[in-house]
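S.K.: Join the two chains, each given in its own frame, into one complex according to the hints.
If you're matching them up, the sequences are chains A and B in order.
Numbering-wise, the numbering used here puts 222 at position 222 of the first sequence, and it's gapless, one number per residue.
Numbering-wise, the numbering used here puts 155 at position 155 of the second sequence, and it's gapless, one number per residue.
Among the clues, some could well be false.
Some chain B residues flagged as far from chain A (calculated, every beta-carbon gap over 10 Å) [to be verified]:
(1) 9
(2) 16
(3) 17
(4) 57
(5) 72
(6) 88
(7) 118
(8) 124
(9) 128
(10) 143
Capping the alpha-carbon separation at 20 Å, the derived lysine to any residue pairs in SDA-like fashion look like this [claimed, not checked]:
(11) 34(A) x 121(B)
(12) 34(A) x 149(B)
(13) 35(A) x 64(B)
(14) 35(A) x 87(B)
(15) 64(A) x 121(B)
(16) 2(A) x 74(B)
(17) 34(A) x 125(B)
(18) 34(A) x 88(B)
(19) 74(A) x 91(A)
(20) 35(A) x 92(B)
(21) 74(A) x 109(A)
(22) 34(A) x 95(B)
(23) 34(A) x 96(B)
Source of the hints: derived by calculation from the structure; they are not laboratory data.
Don't be surprised by glycine CBs; every beta carbon is placed ideally from N, CA and C.
If you want the building blocks of each chain, they are given just below.
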Amino acid sequence: MKHLLAIEQLSREEIEAILDRAESFAEVGRRDIKKVPTLRGRTVVTLFYESSTRTSSSFELAAKRLSADLVSVKAAGSSVDKGESLKDTVATLSAYDPAAIVIRHPYAGAAQMVAEWTEAAVVNAGDGKHEHPSQALLDVYTLRRRLGSLEGTRIWIVGDVLHSRVARSNLIAFQRMGAEVTVCGPPTLIPRGIEELGCEVSYSLERLGEAEVVYALRMQRERMNESFVPSLREYAASFQIDTRRLNPRQLLMHPGPVNRGVELSGEAIDSPQSLIAEQVAAGLVVRMAILYELLAGGERPAPLAKGDGTAEATPIGQPA
Amino acid sequence: MSEKVVLEHDDLRRTLKRIAHEIAEKNPDAAGLAIVGIHTRGAVLARRLHALLAELTGADLPIGDLDISFYRDDVGAKAPAAQPVVHASHIDFDLSERTVVLVDDVLFTGRTVRAAIEALFDYGRPRRVQLAVLCDRGHRELPIRPDYVGKNLPTARGERVNVSLGEVDGSDQVTISEPSHAEALS
Numbered sequence: 001m002k003h004l005l006a007i008e009q010l011s012r013e014e015i016e017a018i019l020d021r022a023e024s025f026a027e028v029g030r031r032d033i034k035k036v037p038t039l040r041g042r043t044v045v046t047l048f049y050e051s052s053t054r055t056s057s058s059f060e061l062a063a064k065r066l067s068a069d070l071v072s073v074k075a076a077g078s079s080v081d082k083g084e085s086l087k088d089t090v091a092t093l094s095a096y097d098p099a100a101i102v103i104r105h106p107y108a109g110a111a112q113m114v115a116e117w118t119e120a121a122v123v124n125a126g127d128g129k130h131e132h133p134s135q136a137l138l139d140v141y142t143l144r145r146r147l148g149s150l151e152g153t154r155i156w157i158v159g160d161v162l163h164s165r166v167a168r169s170n171l172i173a174f175q176r177m178g179a180e181v182t183v184c185g186p187p188t189l190i191p192r193g194i195e196e197l198g199c200e201v202s203y204s205l206e207r208l209g210e211a212e213v214v215y216a217l218r219m220q221r222e223r224m225n226e227s228f229v230p231s232l233r234e235y236a237a238s239f240q241i242d243t244r245r246l247n248p249r250q251l252l253m254h255p256g257p258v259n260r261g262v263e264l265s266g267e268a269i270d271s272p273q274s275l276i277a278e279q280v281a282a283g284l285v286v287r288m289a290i291l292y293e294l295l296a297g298g299e300r301p302a303p304l305a306k307g308d309g310t311a312e313a314t315p316i317g318q319p320a
Numbered sequence: 001m002s003e004k005v006v007l008e009h010d011d012l013r014r015t016l017k018r019i020a021h022e023i024a025e026k027n028p029d030a031a032g033l034a035i036v037g038i039h040t041r042g043a044v045l046a047r048r049l050h051a052l053l054a055e056l057t058g059a060d061l062p063i064g065d066l067d068i069s070f071y072r073d074d075v076g077a078k079a080p081a082a083q084p085v086v087h088a089s090h091i092d093f094d095l096s097e098r099t100v101v102l103v104d105d106v107l108f109t110g111r112t113v114r115a116a117i118e119a120l121f122d123y124g125r126p127r128r129v130q131l132a133v134l135c136d137r138g139h140r141e142l143p144i145r146p147d148y149v150g151k152n153l154p155t156a157r158g159e160r161v162n163v164s165l166g167e168v169d170g171s172d173q174v175t176i177s178e179p180s181h182a183e184a185l186s
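Only chain B is shown next, with the shape it has when bound in the complex (with noise of 0.2 Å):
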């Protein structure tokens, strides 16, 4: 299987302050924001983020995290049993009259922010819902877009892109790879 390395720790770190940036500026009204991540990686950048913007704004902004196994539009669908991890949603604050910026790993197909967004709203009526990714590979499935992206891969459907962070995975990288022929075939 080969690997190839598209952004290393400082790249991911540039990217994110690049994103924090953006964020503020079109939004001048920071205090009236709120990030939330997607579990496991989204929520683990939406933390940075939420750091980089509170340096970047002063303001503490409202933070929770979101798990959309509830959401899933292929519950049942019989796919590889994968290790069992659960989590549960956090946010606890009130999402009406705010700008709520979803923040998340990759994006692909868009089928993942379309459950996000659904969950999102059993919890209030947010103001506005923007889209935060480190990564767009494309190959969207939904009239999905994002409004903030930190890189754009162009990837054939088949690679992987594999997003590490320091927090889960022990150190921040992302790097695209071909399945193996046996994966492919599975």
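Bound-form chain A, shown alone (with noise of 0.2 Å):
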């Protein structure tokens, strides 16, 4: 895998593969030195365009943990205020020859552009209403450990899923994995066709009691250029996910950051099911695992394997 632009790149093992390697960055996120040395002396450059406060500090803290050096542009406050190009920034921050670009953009398909351009392996971190890999594989993390799989598990994805990467990437990847997943909302609020992608779709709350996971998303009110709910109290009103709506053993999800009392209410979002603070915790070890699988992927550890001794430099873990 050379760069991680979309999780419909992505088949069932090597989302797995990504998410085992997470779990061994957990133990050392445990230690009193939780950084290890994998990637010492390459770089990483975060690219943002758009603001974010979990992906871009979980990717900064990832690329440190695993001893990379880190450049982090933020597009305000960049020469692109003064009118650079994404191209010519691309090729700017080509030239100190990092490991990795990880970039968040307005516009679907930037990260595409960019992995054209740079010789560095690129993450997508959002690129418009696109896709947001990194965000599918940390909820798939989170809940692969809280229910162990989730082969056969209903969840629903509600909220504005027009404007949503989040929705798009987390149902490919939802399925991808075995879940089941209808998509809610106002009729504005959902894509045509979408049920094409092979989800049940619901204009209205009233069977979630179905669901095992109830996945909200944010009302993104900067994409909202049009009205497309009378307005936030009224969408609140019909679909806001509330401890009345929500049953005792349903989990709950939010990709962040939430609008309090608009898609979840407060109570929800403190309730003990809601699993919002451990997906920011599987942020960071998804994110280290990302990038060690791009950067430090292709060879592997293979303690199984049947020795070694006929390369001239012998690749060290594997028994000699």
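M.R.: Shown next as structure tokens:
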């Protein structure tokens, strides 16, 4: 795997390999010294054209915990303000010979384009309404830890599906891991034809009780140029997930940041069935695993291989 | 591919027993010991040594295991992709003031042991680190020397040493094989 641009390009086996790797990084995070020398001497660039707290901070910390050198560029305050194009910015940053570029951009396909302009491995940290693969991986990781497997799990994705790259990536990832997905929201916020991706569609929360996992999406006010809902209050009246609509056996997830009192009630966010804090913690180890997979992958530890000794330089970790 | 058996089940049992005796002899204060195995087969051998040492000294020593993949010196160097096997390290005791016995199955170039020592020091500062290996096949690329050796195996560089252990492979055996012509070229 050279780049991580979309969940769509990953097989179930590849997803599981990344999640298994993330498990061993979770162990690293429990030590006093939460750092391993794996990417020593390599450079990771994060390039964010949209605001972000979780994704940018966890990618940055992930790179540091792997001992990579980190350059983090935010569009605001950089030469982008002076009118530099994405291509020129990437060319500039590529001059530092980075091993990986992590990019978030408001236009779908931006990461794909960057991958064509640079030698570095490119990680899509969200491109417009297209995909957000690292979010989907960390959500599958969180659920897998909680449930063991997603096989046959009924997951409802509720809210602003139309504007959500998370919805798209998660829908694909959840299904690939064997879950049954229903998307739910007001008709104006559900893209037409989405059922062709193999999910069910519901325009009300009536059957929410069927779900084992409720995945709420953020109302993306910054992407709403037209009136998709009469008002946020009206949206909340029909689609807010609160402790009354949620039954105690259901798990609640949200990619963050949450609009408290819009898509989720404050009570639901803080309830014990909410996995939101676990999702954030998972973000770090899963992003370490992604960087590891792209930059140190290809070759893997092979403890079950039967020896070695034919090659000139001996790969270590393989029993001799 | 010709294969020569160098250790059978009983030899292996006797060898480990002898190593356990040597460890106990060299460390009169057995309570200050800890056993740490290197994944995968080193960890299995560590568990066996741990049991033998418990019989011998009556001390229930701390035991852990290490996965060294994040400490390799050839990360990113292209090597043939193998099946992804992922382990996590488990060291849930305090290393400081302890004598840690690192356990691995085969000592070859010494690079695995170097990585293991580096990994170990991210968990704490052991008082002393000793190295126990089932087989030493020579061809060191680093200045690393084992404290306890089960069997010295003079080998040619191209040969392979295959360690099978009941817990992971179904039976105990150590063999030396010459790679087939095709493998030697790969």
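S.K.: Hints first: check each against the structure and report whether it holds.
M.R.: Here's how the hints hold up against the structure:
The Cβ of residue 9(B) lies farther than 10 Å from every Cβ of chain A, with a closest approach of about 18 Å, so its non-interface assignment holds. Remark: the non-interface label on residue 16(B) is consistent with the geometry, its nearest Cβ contact in chain A lying 17 Å away (cut-off 10 Å). For residue 17(B), the condition that its CB be more than 10 Å from all CB atoms of chain A holds, with the nearest at approximately 22 Å. No Cβ of chain A approaches the Cβ of residue 57(B) within 10 Å, the least distance being about 29 Å, so the stated non-interface status holds.
Distance to chain A contradicts residue 72(B) as a non-interface residue, since its nearest Cβ pair spans about 5 Å, not more than 10 Å. For residue 88(B), the shortest C-beta to C-beta distance to chain A comes to about 4 Å, within the 10 Å cut-off, and the non-interface label is violated. At roughly 7 Å from the closest C-beta of chain A, the C-beta of residue 118(B) falls inside 10 Å, breaking its exclusion from the interface. Not every CB of chain A lies more than 10 Å from the CB of residue 124(B), the least distance being 7 Å, so the non-interface label is violated.
A cut-off of 10 Å between C-beta atoms confirms that residue 128(B) is not in contact with chain A; the least separation is 20 Å. The claim that residue 143(B) lies off the interface holds: its Cβ sits roughly 15 Å from the closest Cβ of chain A, which is beyond the 10 Å cut-off. The straight-line distance between the Cα atoms of residue 34(A) and residue 121(B) is roughly 12 Å, inside the 20 Å bound, and the hint therefore holds. Restraint check for residue 34(A) and residue 149(B): not satisfied, since their Cα atoms lie roughly 33 Å apart, outside the 20 Å limit.
Our distance criterion of 20 Å between C-alpha atoms is met by residue 35(A) and residue 64(B), whose separation comes to about 19 Å. Distance hint between residue 35(A) and residue 87(B) is fulfilled; the C-alpha atoms sit about 17 Å from each other, no more than 20 Å. Proximity of residue 64(A) to residue 121(B) is assessed by CA-CA distance (about 19 Å); at most 20 Å being required, the pair is judged to hold. For the given pair, residue 2(A) sits about 18 Å from residue 74(B) by alpha-carbon distance, which is consistent with the 20 Å threshold.
Simply put, residue 34(A) and residue 125(B) have alpha-carbon atoms about 15 Å apart, close enough for the 20 Å limit, and the pair holds. Distance check on the hinted pair: residue 34(A) and residue 88(B) sit about 14 Å apart at the alpha-carbon level, within 20 Å; holds. Our distance criterion of 20 Å between C-alpha atoms is met by residue 74(A) and residue 91(A), whose separation comes to about 16 Å. For the proposed pair residue 35(A) and residue 92(B), the alpha carbon gap of about 17 Å is at most 20 Å, so the pair holds.
Between the alpha carbons of residue 74(A) and residue 109(A) the distance comes to roughly 19 Å, so the proposed pair stays at or under 20 Å and holds. Under the criterion of a C-alpha separation no larger than 20 Å, the hint pairing residue 34(A) with residue 95(B) is consistent with the structure, at around 16 Å. Between residue 34(A) and residue 96(B), the direct Cα distance comes to roughly 18 Å. Compliance with the 20 Å bound is thereby established for this hinted pair.
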